[in-house]
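Chemist: Sequence:
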Amino acid sequence: MERARSIEQVIERFPQAGRDSLIPILQAVQEEQGYLSEAAVVGIGRHLGIPASKVYGVATFYNQFRFQPKGKYHVLVCRGTACHVKGSAKVLEAVVKHLKIEPGKTTRDKMFSLETVACMGACALSPVICINDDFYAKVSPAKVIKLIEACREKELTQIATA
Numbered sequence: 001m002e003r004a005r006s007i008e009q010v011i012e013r014f015p016q017a018g019r020d021s022l023i024p025i026l027q028a029v030q031e032e033q034g035y036l037s038e039a040a041v042v043g044i045g046r047h048l049g050i051p052a053s054k055v056y057g058v059a060t061f062y063n064q065f066r067f068q069p070k071g072k073y074h075v076l077v078c079r080g081t082a083c084h085v086k087g088s089a090k091v092l093e094a095v096v097k098h099l100k101i102e103p104g105k106t107t108r109d110k111m112f113s114l115e116t117v118a119c120m121g122a123c124a125l126s127p128v129i130c131i132n133d134d135f136y137a138k139v140s141p142a143k144v145i146k147l148i149e150a151c152r153e154k155e156l157t158q159i160a161t162a
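Residue numbers (my numbering): 1 to 162.
Think of the hints as simulated: they come from the structure by calculation, not from any bench.
Wrong hints could be hidden among the right ones.
Pair ranges (Cβ atoms, derived) [what the hints assert, rightly or not]:
{"hint": "1", "residue 1": "133", "residue 2": "85", "range": "48 to 56 Å"}
{"hint": "2", "residue 1": "35", "residue 2": "84", "range": "24 to 32 Å"}
{"hint": "3", "residue 1": "118", "residue 2": "150", "range": "46 to 54 Å"}
{"hint": "4", "residue 1": "107", "residue 2": "64", "range": "16 to 24 Å"}
{"hint": "5", "residue 1": "140", "residue 2": "16", "range": "28 to 36 Å"}
{"hint": "6", "residue 1": "156", "residue 2": "90", "range": "24 to 32 Å"}
{"hint": "7", "residue 1": "102", "residue 2": "53", "range": "33 to 41 Å"}
{"hint": "8", "residue 1": "107", "residue 2": "14", "range": "32 to 40 Å"}
{"hint": "9", "residue 1": "85", "residue 2": "8", "range": "43 to 51 Å"}
{"hint": "10", "residue 1": "90", "residue 2": "51", "range": "39 to 47 Å"}
{"hint": "11", "residue 1": "135", "residue 2": "161", "range": "35 to 43 Å"}
{"hint": "12", "residue 1": "51", "residue 2": "142", "range": "18 to 26 Å"}
{"hint": "13", "residue 1": "135", "residue 2": "15", "range": "39 to 47 Å"}
{"hint": "14", "residue 1": "90", "residue 2": "16", "range": "49 to 57 Å"}
Where a beta carbon is used, it is the ideal one built from N, C-alpha and C, also for glycine.
With the hints as extra help, turn the sequences into a complete structure.
Modeler: Below, the structure written as structure tokens:
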């Protein structure tokens, strides 16, 4: 119920909104709740007087929108040209295989989420990944697995000392 209220509060910031406000509303709701829930898509459609299917269609067109909450550790894999040439496809493949999720998804335990981005602007350091706000350069498939496992170890250590 709290999440539904927060969605309503965001939508209320756009009182006379028309179709031209769809993207800003989607951005504001995602900023508030971290992703676009089904309830948010329906609520936005109702507010704008357009079918939820149209709202969803617009949101899925843009890769900035997520439909699942981010994991505690949000892994971004750069797929820009320089990173691609230096092996980011294999890095991504290793993450997908290790976490058993595809880009845009979150692990069942909500520990990890995975996204690809077009470019992180660190081409000279390619391939590059980011976990939360920490960037890692010249990442190999083996290195990315070690980074993911270091995140898991950190969580286990925190649980053990709690």
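Chemist: Against each hint, give a clear statement of whether it holds in the structure.
Modeler: Evaluation of the provided hints:
1. A C-beta distance of roughly 26 Å is found between residue 133 and residue 85, which places it outside the suggested range of 48 to 56 Å.
2. Distance hint check: the CB atoms of residue 35 and residue 84 are about 27 Å apart, consistent with the given range 24 to 32 Å.
3. In this structure the supplied range 46 to 54 Å is violated for residue 118 paired with residue 150, their Cβ-Cβ distance being about 26 Å.
4. Take residue 107 and residue 64: their Cβ atoms lie about 21 Å apart, and the range 16 to 24 Å holds.
5. Separated by about 53 Å at the C-beta atoms, residue 140 and residue 16 break the suggested range of 28 to 36 Å.
6. In this structure, residue 156 and residue 90 meet the distance hint of 24 to 32 Å, their C-beta atoms being roughly 27 Å apart.
7. Against the hinted window of 33 to 41 Å, the Cβ-Cβ separation of residue 102 and residue 53 comes to about 23 Å, which falls outside the hint.
8. The supplied range of 32 to 40 Å is met by residue 107 and residue 14, whose beta-carbon atoms lie about 34 Å from each other.
9. Distance hint check for residue 85 and residue 8: the Cβ-Cβ separation is about 47 Å, which falls inside the suggested range of 43 to 51 Å.
10. Against the hinted window of 39 to 47 Å, the Cβ-Cβ separation of residue 90 and residue 51 comes to about 41 Å, which satisfies the hint.
11. Between residue 135 and residue 161 the C-beta distance comes to about 28 Å, which lies outside the given range of 35 to 43 Å.
12. The supplied range of 18 to 26 Å is broken by residue 51 and residue 142, whose beta-carbon atoms lie about 47 Å from each other.
13. Here the CB-CB span from residue 135 to residue 15 is close to 40 Å, well matched to the stated 39 to 47 Å.
14. Take residue 90 and residue 16: their Cβ atoms lie about 50 Å apart, and the range 49 to 57 Å holds.
Of the numbered hints given earlier, the model fails hints 1, 3, 5, 7, 11 and 12; all others are met.
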